[in-house]
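*Asks:* Use these hints to put chain E onto chain Y, whose structure you have.
If you read the protein sequences in the order shown, they are chains Y and E.
Quick note on this note's numbering: the first sequence kicks off at 1 and runs consecutively.
Quick note on this note's numbering: the second sequence kicks off at 1 and runs consecutively.
What the hints contain is simulated information worked out from the structure, not anything from laboratory work.
Bear in mind that the values here come from a model prediction, so they are computed numbers and not experimental data.
Honestly, I wouldn't trust all of these hints.
What the hints assert, rightly or not - In silico lysine to any residue, SDA-like type, Cα no more than 20 Å apart, as pairs:
#1 E:Lys195 / Y:Val460
#2 E:Lys93 / Y:Gly360
#3 E:Lys238 / Y:Val472
#4 E:Lys213 / Y:Gly329
#5 E:Lys238 / Y:Asn475
Unchecked claim - Stretches of chain E that chain Y covers, calculated by requiring three or more beta carbons in the stretch to come under 8 Å of a beta carbon on chain Y:
#6 98–109
#7 150–159
#8 216–229
We treat Cβ as the ideally placed atom computed from N, Cα and C, and that holds for glycine.
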Amino acid sequence: MTDLIDRPSDLAAEPPHGGTHELHDDHHEHHGPSGILKWLTTTDHKIIGINYTVTSIIMMVIGGAFAEIIRAQLVSPTNTLVSLQQYNQLFTMHGSVMIYLFVGPFAFAGLANYLVPLQVGAPDMAFPRLNALSYWLYLTGSITMLLGFLTTSGAPAFGWVGYAPLTSAINAPGAGADLWIGALLLTGFSAIFSGVNLVATIFYLRAPGMTLFRMPIFTWNMLVTGILILLAFPVLTAGLIMLYCDRHFGTHIFSVSGGGVPLLWQHIFWFWGHPEVYILALPFFGMVTDIIPVFSRKPLFGYRGMVFATLTIAALSLGVWAHHMFTTGAVLLPFFSIMSLLIAVPTGIKIFNWIGTMWGGQVIYSTAMLMSIGFVITFLLGGITGIYLASPPLDFFTHDTYFVVAHFHSVVMALLMGAMAGLYFWGPKITGRMLNERIGKAQFWFLFIGTQVFTLPGYVVGLHGMPRRMAVYPNNTSWQTLNQWESIGALLIGISVILFVVNIVVAWKKPVIAGDNPWDAHTLEWYTTSPPPHHNYLSLPPIRSERPTWDFNHPDYPALIHGTDHGPATTAATNEKAEV
Amino acid sequence: METVALSHGSSVADTSPKRRRSARRALLLALAAPVLLTGCQLPSFGAYEGVSKAGNDTFKLWQGFSIAAVVIGGGTFLLILWAAMRYRAKGDKIPKQTQYNIPLEIIYTIVPILVVIGLFAATVVVENEVVANPTPQATINVSAFQWGWKFTYPHHKAVIVGQTTQSPVMVMPADEDVRINLRSLDVLHGFYVPKFNFSRYAQPGLLNTFTFKVTKTGLYDAQCAQLCGLYHSLMYFKVRVLPRDEFNAWLAREDSKTSTATAVAAAGAVDAALNPNIPTIPATSHGAN
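Just chain Y, with the same shape it has in the complex (with noise of 0.2 Å):
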C-alpha cells in the first residue's frame, strides 16, 4: 500500500477494512490536536472542503426551507400565510442563501477544495492557511446574512440583486441590509482568496508528469472558474463598498437627488453577476465531464474541445452582463445579444462531448450517472430557454416575469443535480463510505420529477404574463392551476432532499466501507485510500495520460485518439497490448 509495485491493481479485491484502518493510524501520527480542536485549527484542504461541503449543505436545506414557505404561499392568489414584506423577505434571502452561500462555495470552495489537490497529485492547497481563512470567512459571512432575520427591520427585501435605489438608507432602513452587505463583503473575499489558492495551486502543485492537458476536466474547470473569481468579485466587493458609503456616509454614488446614477449599481452588479452564473456552473460542468465517462468506462470524448469550450465560455461570460438589463432602454442591444447567443455553440459542444462519451459506450445506471444525466437534459432545457433571453425583443416580454424564475431555476435545479452527482460520486472517496444506491436513485427521481414540474409550469405562467416576485397574484384559475403544480414540483424537490439526509443518516450508522476506487475510476484521486492520508499521497502512479488511475488498472485499455491509433496515453509496455 505505500509501494507502487506492491500496491494491487485490483481495488475490489482489497479487503474492506485493511486499508482504512491503516489510514487511522496514519492520520493520527500526523496530527497533533484531535477532535474539534482539530477542527478549527486545521490548515488541511481536506477538512477545510468537508466544512465548506457541510455548512453550505446547510445552507441549501435553509434557503430550501425559503423556498417551500414561498411556494406555499403562492398556492392561492390571495393567501395571507405570510405578510407582503415578509414574502419580499423571504425570496430575497431564498436568492441570496442559495446563490451566496450554497451554489458557489459548495462547488468552488467544498469540493474543490478536497478535490483539485487530489486531482492534481498535490499535498494540499498552495496557501492552507489562507484557505482556513478564506472558510471562516464564509462562516461568519453566512452567520450575518442570516442574523438579519433578528433585527427589528428584519432581513433585507429588495431582491437578491439589491437594485439600486431600492437598497438606499430611505427605501430600506434598517440593519438587515447592512448584514446583508456585510456578509456579501465576508463570503467575497472568501472567495477571491479561494481564487487564488485554486490557481496557485494548479499553477504551482501539479505532481510530475500532470501536464495541463492532463488535468482532469472538473480542475480545469476550477481553474478557469479562479480566473473568473478574481476578474468578476473585486467588482462586485467595489460596488458594496459604493453602496455602503451611500447608506452611511452620505455619497450619492447610486441616488438621483446628489447627482448620481442608479443604473451603475446595475452595471456593476452584473459585470460581477454573469460571469458569476459560470463561476457557479463550470464547477458542476466539471463534475459531470468527471463522471459521465466512469459510467459509460470510456474516456471523455474531445477532451480537448472540452477545454476550448469551457475557455471560450469563461471569456464570453466577461461580456454579456447587459443582457440582463436590456429592459433598461440604455444598453447597446445587439452587441450583448450576439455575445449572449454565441454561449450557445461552446455549450453545445460539451452537450454533444457528453453524448459522444456515452455513445458505444457501458453505461452503468449508478445513482451518481443518472444525475448527471439529469443534469444534462435538466440544462439542455435552461439552456434553450436562455437562448430566447438573448434576443432582446423576446426579453423584452419575458423579463421579470416567471419565464426568467423557470429559465434559471432550470439552470440551478441542474446544477443541483450535478452537486448530488458530485457527493454520491466523491462522497465515498471523502469518508471512505457508500451511500446507499437504492435510497440515492429514489432521490434522483423526485428530484429530477420535481424539478420538471416545478420549473416547465413556471415557464407556461410566465409567458401568460405572470410578474415574479409576487406574493399575492390576480385572482385567474389558471394561474392558480399552475402555481399549484409548481408547488407540488417543490415539494416533491424537498422530498429529495429529505432523502438525501436520510441517506446520510443510514452510512453515518451503517457503514458500507468504499475502497479505494469503488468505481473504476479514472483520475488521479482514486489511487489514493478513501479517505486519503494526510498529505493525499504515499506513492503515486505513472501520469501519462488525462486517466493515470485507469491507465494503471487497465494497462491493455489505452484512450484511442482517433479511433485507431494509440495516442500519447499509452506506454511502451501498453503499447504491445494496446490491440482492442
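*Replies:* This is chain E only, laid out in the frame that chain Y set:
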C-alpha cells in the same frame, strides 16, 4: 400558398435547365411558405400574438425561435436518451476507448454557429422595428411611483392617477403611433403590458421613450414587473385602446374634469410622492401590514 403549390406542380414535368432553376426556386418557396405565412398555421408556443404590429412581429420571432428550439433541443434531448438507453451496460465488457472524432466535432461547432447567426439576424430585424421611435401622433407621459401610476397628456389637462389595486387606466388611441415618455419618481419600476409583448424599466433620473401602434381596441391588463418595495405585487394598471374619435371624446371629458375636487385630491395625494427628494411613502411607515 396556392401559387406556390401550382408552380411547384408544373415544374415537375419539365426538366430543362431553366425550368429546373425555377423548380428549385419554387421548392425553396414551398419550404419557406409556412414561415412566410406564419400566424395562422404555426402554434403559438404559449406566447401572446401581440396587439401591435411590433408586438406581433415579436410573436413571429418567438415562433421562429421556438421552431429552432423544438428541432435542435428536441433532437439533442432524444440523442441524450438514445445514448443513455441504447448503450446501457450489458455485462462487464470494456468498450472501445474512442476519444476523438475531429470531423464530427468540427460539424457540431460550425452548425451551431450558423444557427446562432440566423437567430441573431432575425433578432436584429425585429429589434430595430420594436425600438424604432417614429414621430408620434399622440404622446403620453407615464410616471411610476411607489406604488402607483400617473398618466398625463401633453397640451391637455387630463391627469390619471391611481395607487396599487385602484388600477389607473392609461387611455390611448388605436392605429396611431403613440409615444410613451416613461420615468420613475423613486425606485425602479417595470412598465409591463403582457399583450403588447413589451416591457420597459421606469427609472429615476432616466427618461425612457418608446412608441406603440396598437391595432386592436380593448382593455388590457398591465402591472409593475420590477420589484419596487412593499406593495410591488399590487401595483396594477390597465391600458384602454380606443378608436381616435372616442379617444378625443374621452380626452375632452377628462380635460373638463380636472378642476373637480376628486382630481385635485388625487393629484395632491401623489404630488409629494412625485418629488423624489421627499419620499412620503417609505416602506417603514407601512410596516409588515
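*Asks:* For every hint, state whether the structure bears it out.
*Replies:* Now for the hints, and whether the structure bears them out:
no.: 1; hint: E:Lys195 / Y:Val460; verdict: 14 Å, holds
no.: 2; hint: E:Lys93 / Y:Gly360; verdict: 12 Å, holds
no.: 3; hint: E:Lys238 / Y:Val472; verdict: 18 Å, holds
no.: 4; hint: E:Lys213 / Y:Gly329; verdict: 19 Å, holds
no.: 5; hint: E:Lys238 / Y:Asn475; verdict: 16 Å, holds
no.: 6; hint: 98–109; verdict: holds (count 9)
no.: 7; hint: 150–159; verdict: violated (count 0)
no.: 8; hint: 216–229; verdict: holds (count 8)
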